[in-house]
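K.L.:
Taken in order, these protein sequences are the chains called A and B.
Just so you know, UniProt numbering puts the end of the first sequence at 492, numbered straight through with nothing missing.
Just so you know, UniProt numbering puts the end of the second sequence at 496, numbered straight through with nothing missing.
Among these hints, one or two may not hold up.
Said to hold, decoys possible - Listed below are several chain B residues computed to face chain A (Cβ distance under 7 Å; list not exhaustive): (1) G392; (2) V403; (3) T404; (4) V415; (5) L419; (6) S422; (7) L423; (8) A426; (9) L474; (10) T476.
Please keep in mind that the hints were generated in silico from the structure rather than gathered at the bench.
C-beta: ideal position from N, C-alpha, C; glycine also.
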Amino acid sequence: MSDSNGLLLASLAIAPLAILGIVLLRSRPNWREGVSVLASIALFAVNIGIYHSLQQGATLSWRSGEILPGLRLELAVEPLGALFALIASFLWLVTVVYAVGYMRGHGEQNQTRFYAFFALSIGCVMGVAFSGNLLTLFLFYEMLSLSTWPLVVHAGNDKARHGGRVYLGVLLGTSIVFFLPAIILTWWSTGSLSFVPGGLFPENTDPRLLSALLVLFVFGVGKAAMMPFHRWLPAAMVAPTPVSALLHAVAVVKAGVFSLVKIGVYVFGLDQLAAVDSREWLLYLAGFTLLAASIVAMQKDNLKARLAYSTVSQLAYVTLGVLLAVPDGVTGSGLHIAMHAFGKITLFFCAGAILVASHKTEVSQLRGLGRQMPFTMAAFLLASLSIAGLPPTGGTWSKWFLMLGTLDTGALVLTAALVVSSLLNIVYLTLIPVRAFWRFDGADEAAAPTEVREAPLACCLAIGVTTAICVALFLFPQPLYELVAQIPLGGG
Amino acid sequence: MLSQLPLLPVLLPLLGAPACALLRRPLAAWVFSCAVSVLALAAAIALLAATWQQGVLSYALGGWAAPWGIEYRIDLLNALVLLLVSAMGAAVLLGARASVWREIPEHKRTLFFVAYLLCLAGLLGIAATGDAFNLFVFLEISSLATYALVATGRDRRALVAAYNYLVMGTIGATFILIGIGFVYMLTGTLNMADLAQRLPAVGQSRTAFAAYAFIVVGVCLKLALFPLHLWLPGAYTRAPSIVTVFLAATATKVALYVLIRFSFTVFQVEYSILALPLETVFVVLGVVAVFAGSLVAVFEPDLKRGLAYSSVAQVGYMVIGVGLGTVAGLQASLIHLFNHAIMKGTLFMALAAVVLRLGGSTYAQMQGVGRSMPITTACLLLGGLSLIGVPGTAGFISKWYLVTAAADREQWLLVLLILAGSLLTAVYIWRLVETAYLAPRQSPASIAPRALEAPAGLLAVLVVLALANIYFGLDTRLPVQTAGGAANGLLAAVLP
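Looking at chain A on its own, in the form it has when it is part of the complex:
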């Protein structure tokens, strides 16, 4: 058992060690990137080890000394966290490979700083994933916001500066004004911040307090990008594409919805959550966010901006899943964290590949690009199907459970919202590769360049891996489902 706890600490220690290596080897780029690759492999291996000991029924945990009376930093492994850590660390590995191709292909400056803060961000994500109480979660949540800021403003120009302000302003602002008081109020009313299956609050808690707390938590976790606090995500798109891909499609945004799922399941508990008055209108707000973000995405011509709004929409699916407060909803949320991660990171990889290979950033420029970049566009097609929730991709399953969840609660309006949003997904994402392959205007068919010019091999490799997983998860969703099904719902 002590070995397993060693694994837990190792998952947090790898990132700082990697940073040390990256900084020391700053003058030798190949070695420096080697450190990142090695660290990501090591981290993934450690997380697999954690997954296995969890499957064998071991309890992994670690506690610090008391920070405040009765409050410590605590780490603990539970199924959802293990899932999140596995996905994030695996995709770190893929992204590092991709980033090597992208950053060099694009001639970016300050690459040492880039890789160092990238590793730091992943370290913070591990902290979020394995946090054993709200205080620890909050600590790593804030560190994640701060450590991603240098990545967002990587370009260093006025646009990046402005993006960075919106990014940090919204994330830090919501966390200080909503999240922190929510945590303090939880502590103040229950005397505990631990994650407990079934929730913390005693039966006789003032319902008004619970209502207020739920609102504070949902808005306070700004990383979940619930409207009207979603603006930071499009703003973060000034970052280099690997950052948008891993952090703003997977690690950071998923840290947000992951926190919400944890709060829903372990702080409120599904039974208590179902009885909270403010839950209903927050549900409809999630439904609104999900539709509105899709509609905004349709109007964005910039590819990365469109993907960003699509992420806002998909995050609302996860939030909605928790707020349904039924087991199917939580299962759907857990699965969607995984499925959306693989789909969206593929889409961002494709966007970056298009930028590097053909210097195109707008959707309207992509017509006919399928002839130059057939591989990239094919991957884009499959990944967009996964986002929309269509076979033969993994996204089918998470949408399935989310729909079941809405039917369980009888909220047919929400079912309809999910269906409409999926249709919109097809319009604004799937049509992009379709148009790239088949030009409907047909006017200058002959003039279009036809030679294949794909992005660097490293980029294509990464795209291939994540696309393959999107498809594989349709055929073999079992391991993920089993992991999510282990989340203790406290009898709910």
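Please build the complex by placing chain B on the supplied structure of chain A, with the hints as guidance.
P.N.:
Just chain B, lined up with the frame of chain A:
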């Protein structure tokens, strides 16, 4: 030896100052004052340990028993303030050499250290004495030394700032003296413990009201509580960098101690908080101070001046804690007193390094400083994060206790305001971060010249202070338990 302990932290610098004046070479004066301040720190540490073990220590000066003689009375609150002041005093002096040599003309250097020791003696004396008039005497010693310290620099604008401070400070001290005179007239004693016993009998007289009012206003002037803060930004900005570090870390803290001591010991809680509307006054003024100070700091082009206004805001937080009128509120206030000394010590120390190398601390001068002085800037960032209250830093602990204390009173609006104040802090700290780390907007010519880090002595102290922000964010036993014990000792008998 142990029986003399309560006197030692005060006596060492008080006797050290004239001895220091005899040394002619500035370097010798610096080494000597460092030794004195470290010894005072050692005495303060021993005193805190003794207070934990034995409870309140009492020492009759010259063998004259209280209430006729002067009593030095050390409880946990005194010991905490003594430790804080002597620790910051020693740390600042240890790192001071390079900055003092740069900013103070040669013929004034020895006198600078003499004044520094006098100021330290005064501040420690205030924190150690149990006699109201003796407190006033030490207040004047520290104030006069401070006026001199502010004016020692080469910047002639410092003279105006010192003069402003002198006028305001003297008014404050006079008010305190009038107040003390009134209570002496009423009760015939100056010993604080004795006053506490005799005042309730005459508490309803107008004289007692007037005395308390004079004392509170006078102390708030020294404390720089909004709207009595006007002297502070000028004095902090124009004073030599080292003086600013020392004042920011100690002077306002000692003033807060005096406020707490008079409000909760001399005039007891029933009187100061329950009978008078001070609760409202302190909370409202505190909140206004937080927002006014922070807003000015946001728009201030000079970082040193911006941080001075930020001190006005932070004093607001401490006064809010006092104004809550509960044990938890007072504890929060004392914790923030401790933590804020560390944060502002870090920030101003880093600025001392910046001024040493770049010649100023305006945002324009600090463009790209993250590249030329990476360690200093990292410390500046750590201090700033702590000031915002990011988890894992000392500032977070302060915010946690303050918000919990406000929640205990179910003052939800106050909770919101306290946290919104943190956001304003984030705005001006982030302005600094952008300036330091992002490529400059203007032409490359305005980039800071390729400067080096400050000398090792200054840098070492700076790094220790910066790491203290993290240490006290994770291991909070010292400030939390001491402040808790002190707050309980003052209020537990009366309030929840």
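K.L.:
Go through the hint on L423 (chain B) and say holds or violated, using the shortest Cβ distance to chain A against 7 Å.
P.N.:
6 Å, holds
K.L.:
Mind checking the CB of L474 (chain B) against every CB in chain A and telling me if the closest is under 7 Å?
P.N.:
Hint on L474 (chain B): holds, closest Cβ of chain A at ~6 Å, below 7 Å.
K.L.:
Please verify that hint: S422 (chain B), Cβ, nearest Cβ of chain A, below 7 Å or not.
P.N.:
5 Å, holds
K.L.:
Would the hint on G392 (chain B) be counted as holding, given a Cβ-Cβ threshold of 7 Å to chain A?
P.N.:
Holds, because the Cβ-Cβ distance from G392 (chain B) to chain A comes to roughly 5 Å (cut-off 7 Å).
K.L.:
With a cut-off of 7 Å on the beta carbons, see whether A426 (chain B) makes it to chain A.
P.N.:
Holds, about 6 Å.
K.L.:
Double-check V415 (chain B) for me: the hint is only fine if its C-beta lies closer than 7 Å to a C-beta in chain A.
P.N.:
6 Å, holds
K.L.:
Should the hint that T476 (chain B) touches chain A count as held when the rule is a Cβ pair under 7 Å?
P.N.:
6 Å, holds
K.L.:
Does L419 (chain B) meet its interface restraint, that is, does its C-beta lie within less than 7 Å of any C-beta in chain A?
P.N.:
This hint holds: L419 (chain B) lies near chain A, its Cβ roughly 5 Å from the closest one there, short of 7 Å.
K.L.:
Just to be careful: measuring from the Cβ of V403 (chain B) to every Cβ in chain A, is the smallest value less than 7 Å?
P.N.:
5 Å, holds
K.L.:
Can you verify the interface hint for T404 (chain B): is its Cβ closer than 7 Å to any Cβ in chain A?
P.N.:
Since the shortest Cβ distance to chain A is 6 Å, the answer is holds.
Of the numbered hints stated above, none is contradicted by the structure.
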